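Model the placement of chain B on the given structure of chain A, informed by the hints.
Residue numbers (UniProt numbering), protein chains in the order written: chain A, 1 to 314; chain B, 1 to 548.
There's no promise every hint is true.
Said to hold, decoys possible - Here are the computed lysine-lysine pairs in the DSBU-like style, where the Cα-Cα straight-line distance is at most 30 Å:
(1) Lys440/B / Lys506/B
(2) Lys166/B / Lys101/B
(3) Lys20/B / Lys126/A
(4) Lys471/B / Lys377/B
(5) Lys126/A / Lys80/B
(6) Lys471/B / Lys391/B
(7) Lys471/B / Lys7/A
(8) Lys506/B / Lys520/B
To be verified - Some residues of chain A that are not near chain B, with every Cβ distance over 12 Å (derived):
(9) Gln54
(10) Thr82
(11) Gly125
(12) Val207
(13) Pro238
(14) Ala248
Hints are computed from structural coordinates only; laboratory data are not their basis. These numbers come from a predicted model, not from an experiment. Idealized CB from N, CA, C, for every residue including glycine.
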Amino acid sequence: MTAFLAKRIGIGLITLIVASVVVFSVLEVLPGDPALLMLGMNATPEALASMREQMGLNAPLIVRYLNWVGGMAVGDFGRSFTYSSPVIDLIAERAVVSLPLAVISLILSTAIAIPVGIFAAARRGKVGDTVSMGVAQVGVAVPNFWFALLLIYVFAVWLRLVPAGGFSGWGGGIWSGVKSLMLPAIALALPQAAILARVTRSAMLEVLGEDYIRTARAKGMPRRYVLWRHALRNAMIPVLTIMGMQFAVLLAGTIIIENVFYLPGLGRLVFQAITQRDLIVVEGVVMLLVASVVVINLVVDVLYAVVDPRLRVR
Amino acid sequence: MSLLEIEKLCLNIGNVPILKDVDLTIEQGEVLGLVGESGSGKSMTSLAVMQLLPFSAQTRGRVTFDGVDILAAPEAAMNKLRGNEIGMVFQEPMTALNPVKTIGEQVAEGIRWHTSANRADAEDTARKILDRVGLPESQFPLSRFPHELSGGQRQRVVIAIACALKPKLLIADEPTTALDVVLQKQILELLRDLVDERKMGLLLISHDLAVVADMADRVTIMRHGEVMESGETARTLTEQKHPYTRQLAVASMHVPDRSGDAARAAPQTPLLEVDRVVRDYPGRRPSLFARPAPFRAVNDVSFSLREGQSMALVGRSGCGKSTLARMILALDRPTGGEIRLDGAPVSTLGEAELKPHRRKMQVVFQDPYGSFNPRHKVERLIAEPLHLLEKQPSATEKREMVAQALNEVGLKPADMEKYPHEFSGGQRQRISIARAIITKPKLIVADEPVSALDVSIRAQILDLFADLNGKLGVAYLFITHDLTVARAITDEVMVMHDGQIVESGKTGDVLDHPQSDAAKALVAAAPDLERALQRRLARHEASGTQEA
Chain A
1 MTAFLAKRIG IGLITLIVAS VVVFSVLEVL PGDPALLMLG MNATPEALAS
51 MREQMGLNAP LIVRYLNWVG GMAVGDFGRS FTYSSPVIDL IAERAVVSLP
101 LAVISLILST AIAIPVGIFA AARRGKVGDT VSMGVAQVGV AVPNFWFALL
151 LIYVFAVWLR LVPAGGFSGW GGGIWSGVKS LMLPAIALAL PQAAILARVT
201 RSAMLEVLGE DYIRTARAKG MPRRYVLWRH ALRNAMIPVL TIMGMQFAVL
251 LAGTIIIENV FYLPGLGRLV FQAITQRDLI VVEGVVMLLV ASVVVINLVV
301 DVLYAVVDPR LRVR
Chain B
1 MSLLEIEKLC LNIGNVPILK DVDLTIEQGE VLGLVGESGS GKSMTSLAVM
51 QLLPFSAQTR GRVTFDGVDI LAAPEAAMNK LRGNEIGMVF QEPMTALNPV
101 KTIGEQVAEG IRWHTSANRA DAEDTARKIL DRVGLPESQF PLSRFPHELS
151 GGQRQRVVIA IACALKPKLL IADEPTTALD VVLQKQILEL LRDLVDERKM
201 GLLLISHDLA VVADMADRVT IMRHGEVMES GETARTLTEQ KHPYTRQLAV
251 ASMHVPDRSG DAARAAPQTP LLEVDRVVRD YPGRRPSLFA RPAPFRAVND
301 VSFSLREGQS MALVGRSGCG KSTLARMILA LDRPTGGEIR LDGAPVSTLG
351 EAELKPHRRK MQVVFQDPYG SFNPRHKVER LIAEPLHLLE KQPSATEKRE
401 MVAQALNEVG LKPADMEKYP HEFSGGQRQR ISIARAIITK PKLIVADEPV
451 SALDVSIRAQ ILDLFADLNG KLGVAYLFIT HDLTVARAIT DEVMVMHDGQ
501 IVESGKTGDV LDHPQSDAAK ALVAAAPDLE RALQRRLARH EASGTQEA
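Chain A on its own, in the form it takes in the complex (with noise of 0.2 Å):
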């Protein structure tokens, strides 16, 4: 076990590496000067000069690379050139909103998704299952958006449960900022659960027609037993793989709800800083996302190795 740790750290480490090196070289070779965005059209080539030099900008490539990446070890992300703050500050301000957003989106996609695909898969063929499937199907062909104005209209405008929109803070505790998610939660959680109950389907029922899903029911186990024991652990590698995936979308693929609910979220922070230049922000938060994608593979690959002890050995 400490050895297949290890190995996958390694490739967690060589993968923030060869990121770093592409998002550097990327915005590098992008058009536009930081100092001239910073300064204004109307900066004179003495004060565009110093403000190069101040930023750092003179240095050769591979100066500027290391200063970057070890900034960034020590958690300096730089400054922002349109907000004047530190990155880190920025990044720190709008991740209490969109890591609490992906996390209950994927919490709830996960334990609408599994018990449908486990229904499903067990009535094959029957009306449960068609049913289930075709809502699924739906819920895969509309977008989030969509959901996303009917619970505003249904539960904010109609039902008046919760605000239609922006984010209370964790200041008023954890209810009031739960609520405040709570919508854009469940529009970001229904597509995923659709895909996310189909492939659970798919999964339990290449399960279901293996050998030692018979040897269980010969040995006088009933089904229902049989499905959550037996099957459904053996199912949990493509559904872990999916849920690796969408817990990633979530992070940072949420611009759009974001803005229909007026969430300061990552999302709305790097759409404004790509729109502005702000090439620092963005690089910040390309590189915490790569980050993120990174460590949840790593999570994603420890829990294969929970599920199944044949993984364990490498």
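Just chain B now, kept in the frame of chain A:
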């Protein structure tokens, strides 16, 4: 009243009749052999007793187990019977156990469910039954996972699960078909001992008459979902009153006519020379920093094969036969030593230089279906090796060659337009032989070419091999654990054990008078219909004179 009575059992799946008026009885403590070829309905009969049939199956008739009407029993009642009163052992031990649960959990689970014992007591019982089936605690603690066990050991776990609660009836569906002969003998002996010890009834399903003759008190022979004949084993199989019984018995002892043997006419030049070949595989690292000791799969093997000669390579599973075959086919490289085909050192040539030599050797695999791409037509499948020819044939030439190859193996040229699923198992094996002969090879390596086939089909395919040897002068290396195949079709045999050739010589000599322990074990374990029947008759006479 019998333990199990099946009367006029009919079973349909959709509109297809699978079983027609099947009658069968088993008494307490009796072994009934249920024999038939694939598709005869043996497995469906056993699944009907367990009520584990596919959902679309409809049954009529009566199945009574120990006074319980099985076909009318509700699911909850069946759950009480299964695993408790009726145990079942399946054909494929490699997939019969849940890979994510320990063997202890899997054995104890049924015990807990049926007896409401607490975990400790159930594990205690599980421990005892695992000891009984030959998996002692010192080597096989309850915490082992199935993937840490070999096929034979896993089958013992399955038997432990089936017998843990001392069922009255044990159903064993081809329990040894996936195992080599030595393991087969061990597992059959274990089953027989358990049956004697616990006075269980045993329904032993097999396609192998020799196994059934050895094990069963009575036999029931099935074909196309109907019972052909049933009766006392020795009498049924010696008298062979029913023509189908005779057909099965003849096919299972079939020896092809090899009067056209190419080896006799051919010059005595060596075709294949294997010279001190070694193959190591990296072993598992004991820890992060220790150097792993390599695992030697093939250890210093030397032999040669003449043109047109048929040679058998026999040995238990895991002895290195398939690794050796892969190296001969240049699909893998030896760690040491050299392999020469027609004088060319194929084991050291690069892929480009190897190409002209590849067409001289072809392969036939065990599972004809698994070795075809199901989306390709037969024409394309058979023509596949033609890319090895120096001059690429035109499309018409290609079709002619495919047609000729199909003719040689007894199929029609029109068959080239079909897909593999349109053929039966035996026909598919003919297709894979056609694919092997299309480049006019000098050597065919056949890896268990008939062990997935029914006895009557097996006889036909063995005839085909003998016929092609005479007509085309092709040499064979048969890799098999089945000594009857080796005896039927080869002149010489090599016995492999732990990566080494431990014995070789004329097939008849080696199999009749084995010298090495490995060969003796193989010969002793090989099921033999005639010997089994003689033993059974002798036992009858002995008990008859005692009674008189």
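Given pair status - lysine 506/B, lysine 440/B, alpha carbons within 30 Å: This hinted pair holds, its Cα atoms lying about 27 Å apart.
Reported absence of alanine 248/A from the contact zone with chain B (all CB gaps over 12 Å): The claim stands: alanine 248/A keeps its Cβ more than 12 Å from every Cβ of chain B (closest is about 26 Å).
Holds or violated: lysine 126/A to lysine 80/B, with C-alpha atoms at most 30 Å apart: Given that 30 Å is the threshold and the Cα spacing comes to 27 Å, the pair holds.
Hinted pair lysine 166/B and lysine 101/B, Cα distance within 30 Å: holds, 23 Å
Hint consistency between lysine 471/B and lysine 7/A [alpha-carbon to alpha-carbon, up to 30 Å]: violated, 57 Å
Least C-beta distance between valine 207/A and chain B, which was stated to exceed 12 Å: violated, 10 Å
Agreement of lysine 471/B and lysine 377/B with the hint, judged by alpha carbon distance not exceeding 30 Å: holds, 27 Å
No chain B beta carbon within 12 Å of glutamine 54/A's: holds, 48 Å
Hint consistency between lysine 20/B and lysine 126/A [alpha-carbon to alpha-carbon, up to 30 Å]: With Cα atoms ~29 Å apart, lysine 20/B and lysine 126/A stay inside 30 Å; holds.
Claimed clearance of chain B by glycine 125/A, with the beta carbon kept past 12 Å: violated, 8 Å
30 Å Cα cutoff - pair lysine 471/B, lysine 391/B: Given that 30 Å is the threshold and the Cα spacing comes to 24 Å, the pair holds.
No chain B beta carbon within 12 Å of proline 238/A's: At about 14 Å from chain B, proline 238/A clears the 12 Å cut-off, so the statement holds.
Hints 7, 11 and 12 from the list above are not met by this structure, while the remaining hints are.
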